[in-house]
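Assemble chain G onto chain F, guided by the hints.
Chains as they are written, first to last, in numbering that gives the first Met the number 0: chain F, 0 to 227; chain G, 0 to 241.
Hints are computed from structural coordinates only; laboratory data are not their basis.
Treat the hints with caution; some may be incorrect.
[As the list claims (entries may be wrong)] Residues on chain G that point at chain F, a partial pick, calculated with CB under 8 Å:
#1 Ala56
#2 Asn179
#3 Thr180
#4 Val190
#5 Thr191
#6 Glu193
#7 Lys196
#8 Gly216
#9 Gln230
No experiment lies behind these values; they were computed from the predicted model shown.
Ideal Cβ placement from N, Cα and C applies to all residues, glycine included.
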Amino acid sequence: MTNKRMLRILTELNSAGDESSRSRSLCLVCSKIVVVTGAGIMIMTDDKQRGSICSSNSVSALIEDLQYTLGEGPCIDAYRDDQPVTEADLQGNGFARWPGFAPAVLSAGVRAVFGFPMRVGGIRLGAMNLYRDRIGPLSDDQHADALVMAGVAARVFLGMSAKELEDNSDLRLNVHQAAGMVSVQLAISVGDALIRLRAYAFANSRPLDNLANDVVSGAIRFENLGYN
Amino acid sequence: MTNASSVLKHPLLARTFVELADTLVDDFDVVDLLSLLSERCVEILGVSSAGLLLTSAEGELRVMASSSEAMRAVELFELQSQEGPCFDCVCSGKQITNSDLATAQELWPRFAREALNAGFHSVLALPMSLRGSVVGALNLFSDQVGLMDEQDVVVAQSLADIATIAIFQQRAASESQVINTNLNIALNSRVTIEQAKGILSERLVIDMAEAFSHLRGYARSHNLLLVNVAQTIIDGTLEIHR
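The following block holds chain F by itself, in its conformation from the complex (with noise of 0.2 Å):
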């Protein structure tokens, strides 16, 4: 029952090529379909920001560092917060909330900014940004199409294909358990488990959930799989 907002980014991520996952084109596709001036994905972990692994033009790439070197901007309160964060006038309320970045960035062109979390269930990646060079808040229509990017760029960024995002099979909860188990039989993190998982599944031709309810069952345990 994927919706017309999902379908639209599969569109745009299959003809953005299989390089999608690491490149500038997946900001490409997050800043066309939300429809703003440009977007960048900022990845953290332990609060603290790790780098940005795309962004979709120089002043995206500009907010991405700024945020980076300042510790303060839209991705960094995202993340912290867990929540979306809106500034539709960086000029007159982004001074107080962001000393440091708003002045910066407001002189490179940049009017509105939004941040919006990523993350895979308990799975914190980072944050999304993006940027308008006007004034204004995201409309209802773009805000959804945001909230629903920023999950397909952080399930994109474990190592989903657009096919895969397609079928949707990451989405059934003992893909969550087989790689919550998965972590503790190979002592690494839950990210880095579900992408084990996908990439055993991709491997040996399995369905994500058909090789999940063989891991939950006990049939296949990752640390009898020598590749560790």
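Using the frame of chain F, we list chain G on its own:
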């Protein structure tokens, strides 16, 4: 579906409403509350299984809570993202009922087969509506053929309405952006809990249902939210022992 009148069960129903009203005043855990609600549906309405599904912003129908954490029960809810009474209920915004699943093989080929295999013979899906849009469904299964008592359907619908309030009351749910954000957070918290269940089940060598009650027990005895306990387990900052 059930012979006993809902009036006879009113004490538990009243207690459930009071409990829920109490919970809604404080900070509460959505998955915990909705799981409790599903369990109470089974007790009050005399059905065999109950579950709550929500529509994600992607348009997928996803499981939020189930009266049983057994994989088989959860799967019957999950497969309704493709077909079944909940799918139809969310599309139409109307109550969908089927009093004899043996007659539903053409309507819902896969769902009817799986439900019958699991021992269920009738089903009811009730819409969860908020300001004119349908955000999910309450799904009730019975191991008996037959229609549910009309009065019980009214009770079930009011429980579905309470579930809706529970999900959206945390902030003044006046705009679509807030509604979508809350839906997103609720669905993500369910996934968080599943990941933590996996970790616990592997560490403590217990099944998923036990892992869930373990998590819940820990959250309650330490006065913490279920999702926060789950998150700290995933982050590796909390270890729960048997």
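Supplied contact hint for Ala56 (chain G), tested at 8 Å Cβ to chain F | holds (5 Å)
Please verify that hint: Val190 (chain G), Cβ, nearest Cβ of chain F, below 8 Å or not.
-> This interface hint holds because 3 Å falls under the 8 Å limit.
Given Glu193 (chain G) was flagged as interface, is its beta-carbon under 8 Å from a beta-carbon of chain F?
-> holds (4 Å)
Residue hint Gly216 (chain G), partner chain F, criterion CB-CB below 8 Å = violated (18 Å)
Should the interface hint for Thr180 (chain G) be scored as holding, given a Cβ-Cβ cut-off of 8 Å against chain F?
-> Where the cut-off is 8 Å and the nearest Cβ of chain F is about 6 Å from Thr180 (chain G), the hint holds.
Close enough to count: is the Cβ of Lys196 (chain G) nearer than 8 Å to one in chain F?
-> Constraint on Lys196 (chain G) satisfied, holds at 6 Å.
Taking the least C-beta to C-beta distance, is Asn179 (chain G) closer than 8 Å to chain F?
-> Given a least distance of 5 Å, the restraint on Asn179 (chain G) holds.
At a threshold of 8 Å, is the proposed contact between Thr191 (chain G) and chain F supported by beta-carbon distances?
-> Thr191 (chain G) check passes; min Cβ-Cβ to chain F is 4 Å, inside 8 Å.
Would you check whether Gln230 (chain G) satisfies its interface hint, that is, whether its CB is within less than 8 Å of any CB in chain F?
-> Holds, about 5 Å.
In summary, the one numbered hint that this structure violates is 8.
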